[in-house]
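Chains as they are written, first to last, in our numbering: chain A, 99 to 622; chain B, 1260 to 1644.
Hints in this document: simulated from the structure, not taken from any laboratory.
It should be emphasised that the depicted structure is a prediction, and the values quoted were computed from it without experimental measurement.
It is possible that some hints are incorrect.
BS3-like mimics (lysine-lysine), calculated; alpha carbons at most 25 Å apart, straight line [unchecked claim]:
1) B:Lys1545 - B:Lys1641
2) A:Lys290 - B:Lys1348
3) B:Lys1336 - A:Lys375
4) B:Lys1348 - A:Lys375
5) B:Lys1527 - B:Lys1641
6) A:Lys375 - B:Lys1545
7) B:Lys1334 - A:Lys590
Covered stretches of chain A (chain B as the covering partner; in silico rule of three or more C-beta atoms under 8 Å from a C-beta of chain B) [what the hints assert, rightly or not]:
8) 125-139
9) 155-162
10) 234-248
11) 394-405
From the three backbone atoms N, C-alpha and C, an ideal C-beta is built for every residue, glycine too.
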Amino acid sequence: MSTAHAEHEHHGAPSGLSRWLFTTNHKDIGTLYLWFSFAMLFIGGAFAMVIRLELIQPGMQWVDPNFFNSMTTMHGLVMVFGAIMPAFVGLANWLVPMMIGAPDMALPRMNNWSFWILPFAGTMLLSTMFMEGGGPNFGWTFYAPLSTTFAPESTDFFIFAVHMLGFSSIMGSINIIATIMNMRAPGMTLMKMPLFVWTWLITAFLLIAVMPVLAGAVTMMLTDRNFGTSFFDAAGGGDPVLFQHVFWFFGHPEVYIMILPAFGVVSQIIPTFSRKKLFGYSSMVYATASIAFLSFIVWAHHMFTVGMPVAGELFFLYATVLIAVPTGVKVFNWVATMWQGSLTFELPMKWALAFVILFTIGGFSGLMLGIAPVDFQYHDTYFVVAHFHYVLVTGALFSIIAAVYYWLPKWTGNMYSESLGNWHFWTSIVFVNITFFPQHFLGLAGMPRRIPDYNAAFADFNLWSSIGAFGFGLSQLLFLALIIKCIKGGQKATDEVWEGAEGLEWTIPSPAPYHTFEKAPEVK
Amino acid sequence: MSVRKLKQAAMMLFSSVLAMTSSHAWADKVLNLREGVTEVSRNAYSLHMIVLWICVVIGVVVFGAMIYSMFAHRKSKGAVAASFHESHKIEVLWTVIPFIILIALAIPATKNLLLIEDASNPDMSVKVVGYQWKWSYEYMDGDAEGVKFFSSLDKASNEARAMNSGINVANVDNYLLDVDNALVIPTGKKVRFLITANDVIHSWWVPDFGFKKDAIPGYINEAWTYVDQPGTYRGQCAELCGKDHGFMPVVVIAKEEGEYKKWAAAKKAEAEAAAAAAASDKTWSKAELMAKGAAVYGTSCAACHQANGEGTGPFPALKGSPLTTAESAAGHIDIVVNGSKTNPLMAAYGAQLNDLDLAAVITYERNSWGNDAGIVQPKDVKAAR
Chain A
99 MSTAHAEHEH
109 HGAPSGLSRW
119 LFTTNHKDIG
129 TLYLWFSFAM
139 LFIGGAFAMV
149 IRLELIQPGM
159 QWVDPNFFNS
169 MTTMHGLVMV
179 FGAIMPAFVG
189 LANWLVPMMI
199 GAPDMALPRM
209 NNWSFWILPF
219 AGTMLLSTMF
229 MEGGGPNFGW
239 TFYAPLSTTF
249 APESTDFFIF
259 AVHMLGFSSI
269 MGSINIIATI
279 MNMRAPGMTL
289 MKMPLFVWTW
299 LITAFLLIAV
309 MPVLAGAVTM
319 MLTDRNFGTS
329 FFDAAGGGDP
339 VLFQHVFWFF
349 GHPEVYIMIL
359 PAFGVVSQII
369 PTFSRKKLFG
379 YSSMVYATAS
389 IAFLSFIVWA
399 HHMFTVGMPV
409 AGELFFLYAT
419 VLIAVPTGVK
429 VFNWVATMWQ
439 GSLTFELPMK
449 WALAFVILFT
459 IGGFSGLMLG
469 IAPVDFQYHD
479 TYFVVAHFHY
489 VLVTGALFSI
499 IAAVYYWLPK
509 WTGNMYSESL
519 GNWHFWTSIV
529 FVNITFFPQH
539 FLGLAGMPRR
549 IPDYNAAFAD
559 FNLWSSIGAF
569 GFGLSQLLFL
579 ALIIKCIKGG
589 QKATDEVWEG
599 AEGLEWTIPS
609 PAPYHTFEKA
619 PEVK
Chain B
1260 MSVRKLKQAA
1270 MMLFSSVLAM
1280 TSSHAWADKV
1290 LNLREGVTEV
1300 SRNAYSLHMI
1310 VLWICVVIGV
1320 VVFGAMIYSM
1330 FAHRKSKGAV
1340 AASFHESHKI
1350 EVLWTVIPFI
1360 ILIALAIPAT
1370 KNLLLIEDAS
1380 NPDMSVKVVG
1390 YQWKWSYEYM
1400 DGDAEGVKFF
1410 SSLDKASNEA
1420 RAMNSGINVA
1430 NVDNYLLDVD
1440 NALVIPTGKK
1450 VRFLITANDV
1460 IHSWWVPDFG
1470 FKKDAIPGYI
1480 NEAWTYVDQP
1490 GTYRGQCAEL
1500 CGKDHGFMPV
1510 VVIAKEEGEY
1520 KKWAAAKKAE
1530 AEAAAAAAAS
1540 DKTWSKAELM
1550 AKGAAVYGTS
1560 CAACHQANGE
1570 GTGPFPALKG
1580 SPLTTAESAA
1590 GHIDIVVNGS
1600 KTNPLMAAYG
1610 AQLNDLDLAA
1620 VITYERNSWG
1630 NDAGIVQPKD
1640 VKAAR
């Protein structure tokens, strides 16, 4: 393995722009991914602010309904494909080689390409907003025929952007699988791998399985729009419901793609700050695999109201609630890990614990949504909006933030500012709940999602939600400040960084040198 | 966003916060799912409560253990970590117990689902069609057989929802939850709905009935309800269907059978009179057409082309456009009756409006906002069909 680097001198990072453009170093590429996703987080967040501004009170005050629809669409797309997914790929780039004792990713040049597609795809996606007729305005789920026959011209650019994002994801996943399968240090058997590596291995298989399905869906849209086919057009003998089946066959595994690595992150952090081994390691692995398997057979629970045969509805109801079992196992295991540990509450632990509690609340509402006869009430209301923001914001995003706090000292060599971090944590926790908890009530009271205006009966909770959203958005500026400050300097981090930390990444110096594990470590 | 707007927003924010803390708004605050007025909705409510309580209990146990651990097992209190990290017994236990709970849940869920999906043996049927952005209702049988009408956002809401309309929407009754023509059904009857759509996917939802069902072009979905209580039940479209998705409410009025029969007879007579008027060869005066046209424009056209005729985004202006000011009205009539061949956003209104309404609205468009292009009579429209 070290032969790949034999031609290199032991050198540090090259300097200048070309370092970043041509880099094949997993740490550089990980950094690029993370900054890209951070930028997207703020762009997608700005769209959310526009949404919450218009919804701050009843009546139409700021944006017209068409632009509002564009905002909900772009917010969803940017957050899912621009912020959450690339952030996890960035973490994988940084951490997977360091955790398995490999010098780099298996396919470093493809790694460079996987990343550099993203800014172009992202720019193309965002550029649609400035095109005549406006940007995509049909929701991030882009149901046909609203997204085909009735969509603005810019939709073709959206389709191309989705294709490019798909290429990037598929290449990234191939790289992660190739790395994990081939480049583990001697003695690092599969069942010794850190859970983060396990969850990413499974996630990468999910990505390879479903990104082509998404590509198929948007390609059918493209030909429906431009080449006279009728895949989704009832007037031409096509089927609008087919679109939803294809989309959600991608879309449901996609939500696990965004949460399985989060499980991995939390499973690294909780044992460290409990100073106790992860409870039920093997059951964690099996639970992750079960969730991944189940994710392929539950997609139509997003479509209970389309008028499926009742046998179909029953199948998807049963399969869906079954997911609660392996997910429950994970939560119980985390709690059991903490039980009789020796707990401290550094910031990564704070975020991980917030994740466990708030993600579980999102899981509860998920169980409720899975019960089809009640879903007929919840479906497409703010209850759903509350649900998926609990699992994606306080779930996926919180785990990413926890990961950044946990590994930032290893990346930069400096400890972060504890006081700034505490401000960031507590403001985020308070505001995120003010934002999303009242949305449960709005949904139960009957407020549909994706509407720019509402009856005065919904006014109070919308005001709360908007105040919370502005506060949560602003709180993330503290995070930006903290990261910049930590890169610039601070108290020097030790190699181990955390007292209870285990794993190969803590055996190398802080900051991690440009090249690590050129000679494979021995794992016992 | 000007400074003035920001100031205005800040003031509004401030006053709403004040209002929230001082008023009695809390008294009627809805926190929970509505129980509704049908067997289906009451079942959904009780199932909702069961799942909610199960979640609460699990939450209390799990979070309780976690929080206990956070206080009792702190390093700062001298806690020393135990070394256990596996127990097959416990793992089997917390796999099996949730599984049993889920089975217990699945039984009532299955029962309810089978009830909801059984639309057999209805007493009457209504066809519900979703349009961008209104509903149409057609009575397939019973006392109102043949009655068909559109149901759009009511005038007061429609005016108030315009951008910066200056109307305080808190003073508009049932803002965004009222329509010009509500669906009327009899109480004590099993009413079946046959739901489809004309353009994109919509979803027909009345929370008090306990279900929503998507309206999908090319599909006819079935749903049903049985309402005991006379009353007015309000809901909204629940599937994103384009620009005015938020502005196509569903309103259903349940009347006792006698009242319903009276309503049906009146509605039939009204429809016949309108049809006769539209079919007659009468030549209408400009004033008559303009008055009628203004109303039709308000419900069918203004959402896109705007009340001032200036259009917005992908919807072209009618004010001073070549089409609406051309000497010959033929092109104008064609696009309104048959829809646009190039832009699917412009629907074919020939299928939605009668000749009189079409003539009136075309006349209105040709003679408003400074346009001055002569009038169109119903017979011109008839000839163009």
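Verification of the supplied hints:
1. With a CA separation close to 18 Å, the supplied pair B:Lys1545 and B:Lys1641 stays within the 25 Å bound.
2. Straight-line distance between C-alpha atoms of A:Lys290 and B:Lys1348 comes to about 22 Å, which keeps the hinted pair within the 25 Å bound.
3. The suggested pairing of B:Lys1336 with A:Lys375 holds, with an alpha-carbon distance near 20 Å, which does not exceed 25 Å.
4. Straight-line distance between C-alpha atoms of B:Lys1348 and A:Lys375 comes to about 18 Å, which keeps the hinted pair within the 25 Å bound.
5. Between B:Lys1527 and B:Lys1641 the alpha-carbon distance is near 23 Å, which keeps this suggested pair within the 25 Å criterion.
6. Proximity of A:Lys375 to B:Lys1545 is assessed by CA-CA distance (about 86 Å); at most 25 Å being required, the pair is judged violated.
7. About 24 Å separates the Cα atoms of B:Lys1334 and A:Lys590, which keeps this hinted pair within 25 Å; it holds.
8. With 0 residues carrying a beta carbon less than 8 Å from a beta carbon of chain B, the region 125-139 of chain A misses the three-residue requirement, and the given coverage is violated.
9. Against chain B, the region 155-162 of chain A contributes 7 residues with a C-beta closer than 8 Å to a partner C-beta. That satisfies the three-residue criterion, and the hint holds.
10. For the region 234-248 of chain A, the proposed coverage by chain B is satisfied: 8 residues have a C-beta within less than 8 Å of a C-beta in that chain, meeting the threshold of three.
11. Counting residues of the region 394-405 of chain A whose CB falls under 8 Å from any CB of chain B gives 3; the rule of at least 3 is met.
The structure does not agree with the numbered hints 6 and 8 stated previously, though it agrees with the rest.
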